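Residue numbers (this note's numbering), protein chains in the order written: chain A, 1 to 333; chain B, 1 to 333.
Take the hints with a grain of salt, since some may be wrong.
Because identical chains cannot be distinguished in the list, a pair is counted as satisfied if it fits within a single copy or across any two copies.
[Unchecked claim] Taking lysine-lysine and the DSS-like style, the derived pairs with C-alpha atoms no more than 25 angstroms apart in a straight line are:
no., residue 1, residue 2
1, LYS142, LYS199
2, LYS199, LYS111
3, LYS199, LYS16
4, LYS144, LYS283
Source of the hints: derived by calculation from the structure; they are not laboratory data. None of the values given here were measured: they were computed from a predicted structure.
2 protein chains.
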Amino acid sequence: MQTSQTILLKKRPKGKPSLEDFEFTHTEIPTLKEGEVLLKSLYLSVDPYLRGRMSNAPSYIAPFEVGQPIESGIVAEVLESKAAGLGAGDYVFGALAWKEMQVTKARSLTKVDPKVAPLSAYLGVLGLTGLTAYLGMMEIGKPKKGETLLVSGAAGAVGSIVGQIGKILGMHVVGIAGSDEKLALMQSKFGFDAGINYKTTENMREAIAKVCPTGVDVYFDNVGGEISEAVLFNINKFSRTINCGAISVYNTTEAPKSISVQSFLVKKSSLMQGFVVFDYADKHPAAIQQLAAWMKEGKLTYTETIREGFDQVPQAFLDLFEGKNQGKMVVKL
Amino acid sequence: MQTSQTILLKKRPKGKPSLEDFEFTHTEIPTLKEGEVLLKSLYLSVDPYLRGRMSNAPSYIAPFEVGQPIESGIVAEVLESKAAGLGAGDYVFGALAWKEMQVTKARSLTKVDPKVAPLSAYLGVLGLTGLTAYLGMMEIGKPKKGETLLVSGAAGAVGSIVGQIGKILGMHVVGIAGSDEKLALMQSKFGFDAGINYKTTENMREAIAKVCPTGVDVYFDNVGGEISEAVLFNINKFSRTINCGAISVYNTTEAPKSISVQSFLVKKSSLMQGFVVFDYADKHPAAIQQLAAWMKEGKLTYTETIREGFDQVPQAFLDLFEGKNQGKMVVKL
């Protein structure tokens with residue numbers, strides 16, 4: 001029987017994950033049954049939210065099992081098919097195991113078209129990343145023209161799309177990121193109006209006030225922690241915070257403490273709402289259409305950091321927590 | 001010229017307010033002009049939110065000026081009128097100065113009817129207190145039959161009405177309060193299903209889990225602080241928290257720290273929203289109608305703590321922060 005290289009969760013990380021938490025092995029590729037396809041992985045997505053699934057804590061999505069393969073978004077080529085509608089040579093996207101080759105049911109896959117966008121884009125701007133940016137903004141942020149949008153993790157996969165959506169909708173857009181190089185890219189490539197390098201800024205509270213002179217109306221929060229504390233002092237009446245992620249605290253082992261949000265929310269009649277893209281599955285098709293239309297019109301672009309080789313998958317994941325990516329981090333297999 | 005006893009803000013409190021922050025004086029009562037009325041105060045409302053107005057920090061409502069009278073909700077009798085629609089012997093409600101007698105413009109007053117409810121109720125269940133409970137629940141809590149409602153400050157003026165609204169709407173209702181006497185009242189008089197005495201409970205997180213076995217769907221938060229931290233561990237997917245107040249931290253001089261909410265909100269797609277009753281002024285008349293209807297049907301009752309005498313006003317206010325009130329704290333003049 002044929003086998004495939006596979007990456008398992010070896011043990012649950014304590015604090016920051018390391019290469020020792022992953023194990024490379026070979027798993028058997030079963031014979032194709034009716035309704036199934038044999039896939040060869042082409043592009044694999046590594047995402048901060050996977051850190052949550054490596055823990056055993058209850059969350060919005062089931063944890064990975066120790067000794068079992070990790071899963072994430074993967075674009076694959078169909079090598080063989082016993083399923084209607086899919087044939088050898090087709091390209092698909094799905095939540096798939098970290099395997100070079102695998103057999104899976106066809107009905108959990110979405111066919112993707114390399115003529116509309118490069119295949120890796122289906123892991124980013126036209127995939128869960130783009131959907132997260134768009135639906136977080138629309139469903140929770142409820143942006144209005146002329147308002148100020150502040151984005152943390154602004155040079156990341158989600159953040160860079162959020163900022164562009166803000167500009168398309170006529171907002172004043174400010175991004176927070178961790179290097180001057182990232183800030184420059186945000187402004188030159190994605191059209192942000194201003195940026196703050198949180199690593200070289202001593203007083204974030206004042207720095208935000210300076211570049212958001214009329215206050216913050218919508219805060220798209222990818223990071224949590226100290227940056228989000230500083231934002232609280234700058235929110236406007238009726239402001240909306242989209243809690244999309246808290247990468248700054250994903251690797252902490254104790255529940256971190258921050259300035260209490262309650263009195264800020266009361267004083268400003270302000271909203272904070274957690275959000276995962278899976279909550280709005282019924283809105284995904286229309287959202288993808290809008291994102292694709294903006295891409296076609298040249299209003300929406302993206303950047304990605306592409307690593308190469310199946311053996312580089314764990315390191316690419318670890319590098320997310322060091323901010324080593326610009327835009328979507330993808331591994332080409 | 002006639003004078004009236006008046007209470008001024010003598011200085012801005014540092015931390016917990018004290019009697020020294022208030023000054024009793026006499027102020028002149030000017031001659032009545034067209035459109036004005038001369039009022040005699042009958043019932044005066046003391047409320048936790050006034051603490052915020054005693055500070056100079058920006059908030060949803062302008063701070064009191066040092067050396068000027070404090071203001072709050074007052075029910076008064078009209079002694080003389082030069083305004084259409086109001087005559088001597090009428091009763092009115094308004095945001096008025098802490099004076100025994102005063103002249104004010106009639107157009108900022110609402111006429112109230114002692115036949116519909118006792119006059120003090122217009123400071124409570126049929127006033128801003130009832131409106132806060134009702135609109136917080138309806139506009140942010142969006143309660144559904146069968147869901148679990150948790151209320152902090154549950155024996156307070158707002159909390160006791162919130163709990164009753166929860167029961168009217170078919171929810172499982174749990175209250176948190178600071179004495180067994182308050183818990184007993186919550187259950188016997190207001191129909192709460194269960195209660196937690198936070199002063200005698202060591203592990204609030206477990207105590208909440210026990211009385212909210214299916215988790216918390218709506219949390220009406222009047223207190224903030226450690227109690228609200230414990231609630232975070234018990235919120236359900238898509239839960240809603242109404243941030244109505246944070247009495248536990250109103251008197252702190254530094255921004256207090258709590259467990260960071262962001263990762264809880266993300267994991268549970270959960271909402272927190274600050275709220276003041278003034279945000280929904282257009283919905284006040286319909287809300288009062290609903291509250292009055294429920295009172296008439298015997299579904300909604302209230303309790304109040306009535307102090308007597310104008311000289312007792314500052315002490316009544318201070319006693320709010322010691323939890324010495326059950327239900328609405330009112331001073332009868």
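Hints and how they fare:
| no. | hint | in the structure |
| --- | --- | --- |
| 1 | LYS142 with LYS199 | neither (30 angstroms within a copy, 41 angstroms between copies) |
| 2 | LYS199 with LYS111 | neither (41 angstroms within a copy, 58 angstroms between copies) |
| 3 | LYS199 with LYS16 | within (20 angstroms within a copy, 37 angstroms between copies) |
| 4 | LYS144 with LYS283 | both (20 angstroms within a copy, 24 angstroms between copies) |
In this structure, the earlier hints numbered 1, 2 are contradicted, and the remaining ones agree with it.
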